[in-house]
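As they're listed, the protein sequences go chains A and B. Each residue of the first sequence is one higher than the one before, counting from 1 in the numbering used here. Each residue of the second sequence is one higher than the one before, counting from 1001 in the numbering used here.
There may be inaccurate statements among the hints.
[Claimed, not checked] What the simulated footprint calls covered on chain A by chain B, stretch by stretch (three residues with Cβ under 8 Å from a Cβ of chain B suffice, anywhere in the stretch; the number is not a length): (1) 150-156; (2) 248-256.
[Said to hold, decoys possible] Simulated restraints on C-beta separations: (3) B:1005 / A:52: 52 to 58 Å; (4) B:1258 / A:203: 33 to 39 Å; (5) B:1258 / A:212: 23 to 29 Å; (6) A:52 / B:1151: 39 to 45 Å; (7) B:1003 / A:202: 30 to 36 Å; (8) B:1225 / A:62: 23 to 29 Å; (9) A:70 / B:1040: 56 to 62 Å.
What the hints contain is simulated information worked out from the structure, not anything from laboratory work. Bear in mind the structure is a predicted one, so any value in this text is a computation, not a measurement. The beta carbon of each residue, even a glycine, is placed where N, CA and C say it ideally should be.
Listed here are the chains, written in short residue letters.
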Amino acid sequence: MLRYTIRRLVMTLPVLLGVATLVFLLIHLVPGDPAEAMLGETAPAADLADLRAKLGLDAPLVAQYRHFLTGLVRGDLGTSFRYNTPVAREIAQRVGKTAQLALSAMVVAILIALPLGILGALFRGRAIDQAAMAVSLLGISMPNFWLGPLLAIVFAVDLGWLPVSGSGTWRHLVLPAVTLGAALAAILARMTRASLIDELRELYVLAARARGLSRVRAVVRHALRNSLIPVVTIIGLQLGAVLTGTIITETIFAWPGAGRLLIQAISFRDYPLVQGCILFIAVTYVVMNLLVDLAYAWLDPRIRYE
Amino acid sequence: MMRRLGLTIVVFTIVAAAIGPWIVPDDPVAQNLALRLSGPSWRHLLGLDELGRDVLARLLVGARISLLVGFAVVTISSMVGMTVGAIAGYRGGWVDDVLGRVMDVLLAFPGILLAIALVAVLGPSLRNVVLALAVIGWVGYARLVRGQVLKIRELEYVQAARAMGAPITRVLVRHVVPATFSSVTVQATLGMAGAIIAEASLSFLGLGVQPPTASWGTMLDAGRSHLFEAPHLTIVPGFAIAVLVMGFNFAGDALRDRFDPRL
C-alpha cells in the first residue's frame, strides 16, 4: 500500500504543477493590460504603475513564474485587489461554508438515493419502480440553476417555510443542500437500483432466502452491502460536479462560500483572488481524487498490483 | 418511446428557433415598461419580463443562442479532439505521453471551472463562451478517439495500408479516423446537452451572452430577482433548458443503442 501511495503521489505532482502553471498564465490572457482592466481606462498612470509593481507584472515572465511558485509553496496566493488582504485568508474564511454545503448535499443525495434505488430494485418493473425512476430522471434533467430558484419559489415564497438566502441556521442550509444534492441523488438512485438488481441474482442471496431470511432482510443484510461498491465509485466520480455545483448554488442562495467568492472576484476583476479561488478549487479536486484512488486501493487490493 | 421523444424535442426546438422569430410578432428587445412583469395572457403567451419584453419572443431567440453555442462547441471540440486523439493513439511514445499530460492537467479542473476562469479573464461574450467551452470540451473526444485508435491501428487493414507505404496522414484520414465516427457522433449528441447546460450556467453567472441579447441562462438569472412577483420568468427558461437537454440526452442514448447494440 505504501508503494502504491508513493507512486500515486509522484503521479499527482506533475498535474499539480500543470494546474499551477495554467492558473499563473490566466492573468496573462487578459486582453491588454491587466492593471488597466482592474483600475479602468481612466486610471492615472502612476496608479497603474503601482498596481503593476504590486502584482509583479513589471518583472520578466520567468521571474513572475518563479515568484508565483515559491509563493504557493509558502501558502502565499497573493493579495486581493478589492479587499487588500491575503487571498489565502479570504479563501480560508469561506472554505468551511463550502465544505458544509458540499457534505450536506452528499448526505441529502445518499438519503434520497438509497431508498429510491432499493425500492426500484425490490419492485422492479412495477409502478413504484417506475415512479422512483421518473423522479430520478427529473433530478438528472433539472439543472441546479433552475431547481434552486424553483425550490425557493415553493418553499420560501409560497409556503414561507425556509429562508430564500443567507446562512447561519440549519434552515438556511436545506434549500442549497437539496439543490446541490438532487442531481447526485438521481445518479446514485439509478446506480443503486442497477447494482442491487445484479446482486439479487447472485446465489448467496438465494441461499440466504433458502435459509429462511425474509426478502427485506436478505436485501439489507447481504445484497445491499455488496451493491454499494459501485455506488461509492460514483460518489467519487461525482466530486467534481459537486465542487463546481457549489459555485452556482452559493450564487443562487447567497451562501458565503469559496464559490460565491470566485464569482464576486470576477465581477470586481480582482484577478489575484480569481486566480487563488480557481487554484484552490482545482487543487482540492485533484487531492480529493487522489484520496478516492487511495481509498479504492485500500478497499480492493487488486488495484495496487495493476 | 424515449428515443422518439428525444428526437422530437430536438427537431421541434430547431424548427422553433429557425422560424419562431417570424411567427411571433413581438420584438425580443422591444420594451413595454407599463406592462413589466405581467404574467401570461392571450397577447403575450408566456408573459413579459422585468423590462416589459415578450418572454416567448426572447425564448425563441434564446433557443438560437443555445443551439448555436452547442453546435459550435461540439464542432470545434470534436475536430480538435479527434485530431489530437488520433495522433496520440497512432503515434504513441513521447507524443502520446506529452498529449496525455496536457489532457491530465485540463481534466484536473472540475466541470466548467476552467471555462469560468477563461471567460473571467477574456471577458464575457458569446465568442469567448464558445472558445472556453471548446478548450475544456476537446479532451473528452481526444480520450475517446485515442482509446479506439489504439485498437484500430492493430487491425489488419490498417497494417496493410502501412505495409503498402501509405503516409501517416493518409492512414489516419482514410482508414483510422473514419472508424471512430460512430462513437464520436454519440459523444457529440450528448456533448450538445453538456454545452447547452454549460452556456446557460455561464450566462446565469453573468459570464455568457450579455444583455440585451436573450439567452436562456441570462433570462433565468434576471428572473431570479423577481421570484416573488413574477415566477414565470424563472419557470419558463429553466423548463426550456431542461427539456432540450433531456431531448439531446435521449437522442444520444438512442444513437448509442443503434451504433452499439451490446450496451
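* Which of the listed hints are broken here? -> 5, 6, 8
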